[in-house]
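**Q** Sequence:
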Amino acid sequence: MHRAGDTQPGALGPADAPEAAEALVAHLLDVDANCPACSAPLRGLAAPACPTCRQPLVLSLDDRPPRFGWFLVTVMPGCMTGGVAFIVVLVICWFGLQPRPAWPMFATVMTMAFADAVLGLWAYAHRARLIWQPPPRASGCWRWPRGVPTCSSS
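Numbering of the sequence shown is given in this note's numbering, commencing with residue 1467 and proceeding in unit increments.
Simulated from the structure, these hints should not be mistaken for lab results.
Each residue gets a CB set at the ideal place from its N, CA and C atoms; glycine is no exception.
Among the clues, some could well be false.
[Unchecked claim] Quick list of the computed label-pair ranges, beta carbon to beta carbon:
{"no.": "1", "residue 1": "Gly1544", "residue 2": "Pro1484", "range": "16 to 24 angstroms"}
{"no.": "2", "residue 1": "Ala1489", "residue 2": "Tyr1590", "range": "33 to 41 angstroms"}
{"no.": "3", "residue 1": "Met1546", "residue 2": "Ala1503", "range": "32 to 40 angstroms"}
{"no.": "4", "residue 1": "Phe1580", "residue 2": "His1493", "range": "47 to 55 angstroms"}
{"no.": "5", "residue 1": "Ala1551", "residue 2": "His1493", "range": "30 to 38 angstroms"}
{"no.": "6", "residue 1": "Phe1572", "residue 2": "Pro1543", "range": "40 to 48 angstroms"}
{"no.": "7", "residue 1": "Tyr1590", "residue 2": "Ala1512", "range": "53 to 61 angstroms"}
{"no.": "8", "residue 1": "Pro1484", "residue 2": "Cys1504", "range": "47 to 55 angstroms"}
{"no.": "9", "residue 1": "Arg1566", "residue 2": "Met1542", "range": "52 to 60 angstroms"}
{"no.": "10", "residue 1": "Thr1547", "residue 2": "Pro1517", "range": "29 to 37 angstroms"}
{"no.": "11", "residue 1": "Thr1577", "residue 2": "Met1542", "range": "51 to 59 angstroms"}
{"no.": "12", "residue 1": "Pro1522", "residue 2": "Val1575", "range": "54 to 62 angstroms"}
{"no.": "13", "residue 1": "Gly1510", "residue 2": "Thr1540", "range": "55 to 63 angstroms"}
{"no.": "14", "residue 1": "Glu1485", "residue 2": "Pro1543", "range": "41 to 49 angstroms"}
Please build the complete structure, drawing on both the sequences and the hints.
**A** As structure tokens, then:
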């Protein structure tokens, strides 16, 4: 369910408004849904608007595949910072806090931070291959991530 002003693929246009309103009311007779604006329950709705906030509602199908780009861009710096902080704590515990030369600890921390950054960039660059793995074919053949065809012996 979306707000009436939102443009969604599969949404009915203004010419289909009576049919869309009837379809929405019929759909909400047996489905639990909440208003996208105020989160009020909409089960048993009598009109195509929220009874609490009067927000007009439309029934639409969103068949676009999920996109994780902005999610990864938002989450990756936090994950990388947490990983580097964990490694720093481990290195400090390993080397201890006794007076020693700082370069081994600094080199270890910087190497791990670089490896963490490279791994994060690799995961982002190959996100489509990591998220959308195709199911095995019925013939028993599949492709490994590197593109090497392999067939099972049956």
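**Q** Lying within 55 to 63 angstroms: is that true of the beta-carbon distance Gly1510 to Thr1540?
**A** violated (38 angstroms)
**Q** Is it true that the C-beta distance of Phe1572 to Pro1543 lies inside 40 to 48 angstroms, as the hint says?
**A** violated (22 angstroms)
**Q** For the range 52 to 60 angstroms, tell me whether the beta carbons of Arg1566 and Met1542 fit it or not.
**A** violated (33 angstroms)
**Q** Do the Cβ positions of Ala1551 and His1493 conform to the proposed distance bound of 30 to 38 angstroms?
**A** Cβ of Ala1551 to Cβ of His1493: about 48 angstroms, so the range 30 to 38 angstroms is violated.
**Q** Check the following: the C-beta atoms of Thr1547 and Pro1517 are separated by a distance inside 29 to 37 angstroms.
**A** This hint is violated: roughly 45 angstroms between Cβ atoms.
**Q** Quick one: are Gly1544 and Pro1484 within 16 to 24 angstroms, going by C-beta?
**A** For Gly1544 and Pro1484 the Cβ distance comes to about 48 angstroms; the hint is violated.
**Q** Could you tell me whether the CB distance from Pro1522 to Val1575 stays inside 54 to 62 angstroms?
**A** Check passed, 56 angstroms falls within 54 to 62 angstroms.
**Q** For Met1546 and Ala1503, compare the CB-CB distance with the range 32 to 40 angstroms and indicate the outcome.
**A** Taking Cβ atoms as reference, Met1546 and Ala1503 lie about 36 angstroms apart, which means the hint holds.
**Q** For Ala1489 and Tyr1590, compare the CB-CB distance with the range 33 to 41 angstroms and indicate the outcome.
**A** Holds: the Cβ-Cβ distance is about 40 angstroms, inside 33 to 41 angstroms.
**Q** Do the Cβ positions of Pro1484 and Cys1504 conform to the proposed distance bound of 47 to 55 angstroms?
**A** violated (25 angstroms)
**Q** Honestly, do Thr1577 and Met1542 meet the 51 to 59 angstroms range at C-beta?
**A** With a Cβ separation near 19 angstroms, Thr1577 and Met1542 fall outside 51 to 59 angstroms, so the hint is violated.
**Q** Between Glu1485 and Pro1543, does the beta-carbon spacing fit 41 to 49 angstroms?
**A** holds (47 angstroms)
In this structure, the hints that do not hold are numbers 1, 5, 6, 7, 8, 9, 10, 11 and 13, in rising order.
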